[in-house]
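Here's the letter readout for the chains.
There are 2 protein chains.
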Amino acid sequence: MFPSPKPINSTGPLLDVFTKSVLENLVILAPGLLGGSVARAAHARGLAHRITVWARRPDARLKLREQPWVNHVAETAADAVRDASLVVLAAPVDKIIELARHIAPHLPAGAIVTDVGSVKGELCRACHSALTPRAHFIGAHPMAGSEKTGWENATPTLFEKRVCFVTPMEGADETAVATVARFWSDLGSEVTTLSPDQHDEITAHVSHLPQVVATSLATFLATKNPQWRNLSGNGLRDTTRIAASDATMWIEIFQQNRDEVLRALRQFQDELQCFQTSLANRDWPEVRTRLERGKAWRDGFRP
Amino acid sequence: MFPSPKPINSTGPLLDVFTKSVLENLVILAPGLLGGSVARAAHARGLAHRITVWARRPDARLKLREQPWVNHVAETAADAVRDASLVVLAAPVDKIIELARHIAPHLPAGAIVTDVGSVKGELCRACHSALTPRAHFIGAHPMAGSEKTGWENATPTLFEKRVCFVTPMEGADETAVATVARFWSDLGSEVTTLSPDQHDEITAHVSHLPQVVATSLATFLATKNPQWRNLSGNGLRDTTRIAASDATMWIEIFQQNRDEVLRALRQFQDELQCFQTSLANRDWPEVRTRLERGKAWRDGFRP
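In order, the protein sequence lines correspond to chains R and Z. If you count the first sequence from 1, position 137 lands on 137 in the working numbering, and the numbers rise without skipping. If you count the second sequence from 1, position 187 lands on 187 in the working numbering, and the numbers rise without skipping.
Worth flagging that the hints you see were computed from the coordinates, not collected in a lab. Glycine included, C-beta positions come from ideal geometry on N, C-alpha and C. Keep in mind that a hint or two might mislead.
Claimed, not checked - Partner residues aside, some chain Z positions facing chain R, computed with beta carbon under 7 Å: (1) E66; (2) W69; (3) W284.
Claimed, not checked - Here are some chain Z residues the structure puts well away from chain R; computed CB gaps all over 10 Å: (4) G32; (5) R82; (6) P156; (7) E160; (8) E174; (9) R241; (10) Q269.
The following block holds chain R by itself, in its conformation from the complex (with noise of 0.2 Å):
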């Protein structure tokens, strides 16, 4: 009944736990939060003989250069990706595509593309058709994150015991893709393979509905006495916690991946009114099924 996502250590006999892949030139164009984490991790793993970065703005350049996990900082990506074994595009969400049209012209042939955008569908499309059939593009989102922002705050344990969606279009590259599962897998995180439509059903209602759902909760109480959030206990702490992450980053996520959220955030919303016409009703066995439903649910979560 449900599509079950591929696990990497279905992905074959390419994959051996036993070694890593070292890889002989990594590219990171615009390191972020994640970018840096990714060259960090890749550094202190010894995943690469080079790591090459490329970063917009030249301050920042001239600081990366200072950086022991950078081999090389390129002036422009083009320059960058010219002999690269593999590419992270770890620009923001929504200039991904602006970023692999650019390169596509420059990398070697064969090149391996790969990305940290959290929203996929449209993104890997368009990779895809710019990169191919020169080059080719396995999308991921590594599902790792921090309220900071910017390499400086880059960590290379970001990824460890973390989710990573590698999402494949139909009919990619198999060596390919069984290198891009390899090199999350590498950097530590725990790898599942889907389609890039299926990531962002999952992750508009793992991800995005939550956001909405915490973000909502948050505005709502902030019409009320702003005392009062101080006078509860660990429970509404928890429930709005990720309401302090950062509005650009989510704008972006929701402009992408809209349609999905949509659908998700109304279904909630008839299962939000159904509690509600129960407790209305005051019909307490449906109000009880509803608790321990969501009780089993809760807690049928891996440690």
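Please arrange chain Z on chain R, whose structure you already have, making use of the hints.
Relative to the frame of chain R, chain Z by itself:
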């Protein structure tokens, strides 16, 4: 514009932060996690010369006799309260009124009675009228708990740095109010004094509504692929954490605070609908305003 909850240190000169008040005989009826923790904290902090308890079940009374934090186990609730200085009604919220009525004729004149129930309006009115004029009922609600239940899981530190509401009726005896506020403060909690109805309005918003939201998010996602919950970041984990709470406890709360919860829930649904409309209309400035307003509110939590 907002009625300001009265903090403990505004109660006046009766409260001396440098000395603690020692009760002659602290009586705890029907201890569970909260009542047991009251006893253990009072014992650890030397707040009573004697700690008397009574439990409904004979086997619990037998086991309580062996606890180092209990001085006397009474065979009946009436016996337990006969020479009480302060009585804590620690039964589940829907059993407290019945217990207050039961002990009323056995209380010494001028005794003070408090409780731990999480809904206060109806409960305080009923308990106040059951005990007046012989004794004083001053309701309380410590915002502390755990997934675990029962006095076997009680800890002496459960109330430390947690909010505790003290909810006197209009015109309550000031010394009794001060004694109860002082008691909860001496247990380590941060006391806020307000009316029972104000309490119920606030907790409907900061505690009961978040429970409805977390439960509904969980029951909604339970209708989707069960594997999805393990493909999420920490956001979903935090947003739904309280969905794992005990269903029986929550049924009692929703029964007792139904009207306030419905009012808060309907307003929250309107807020969610506004978010949905701005997303559907691609009104990105409005979506940004909401994200930023939610962030500002959440950033205002005390650390």
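Hint-by-hint comparison with the structure:
{"no.": "1", "hint": "E66", "in the structure": "violated, 31 Å"}
{"no.": "2", "hint": "W69", "in the structure": "violated, 24 Å"}
{"no.": "3", "hint": "W284", "in the structure": "holds, 6 Å"}
{"no.": "4", "hint": "G32", "in the structure": "holds, 17 Å"}
{"no.": "5", "hint": "R82", "in the structure": "holds, 35 Å"}
{"no.": "6", "hint": "P156", "in the structure": "holds, 19 Å"}
{"no.": "7", "hint": "E160", "in the structure": "holds, 13 Å"}
{"no.": "8", "hint": "E174", "in the structure": "holds, 23 Å"}
{"no.": "9", "hint": "R241", "in the structure": "violated, 5 Å"}
{"no.": "10", "hint": "Q269", "in the structure": "violated, 6 Å"}
Figure legend: structure checked against the earlier numbered hints; hints not met, in rising order: 1, 2, 9 and 10.
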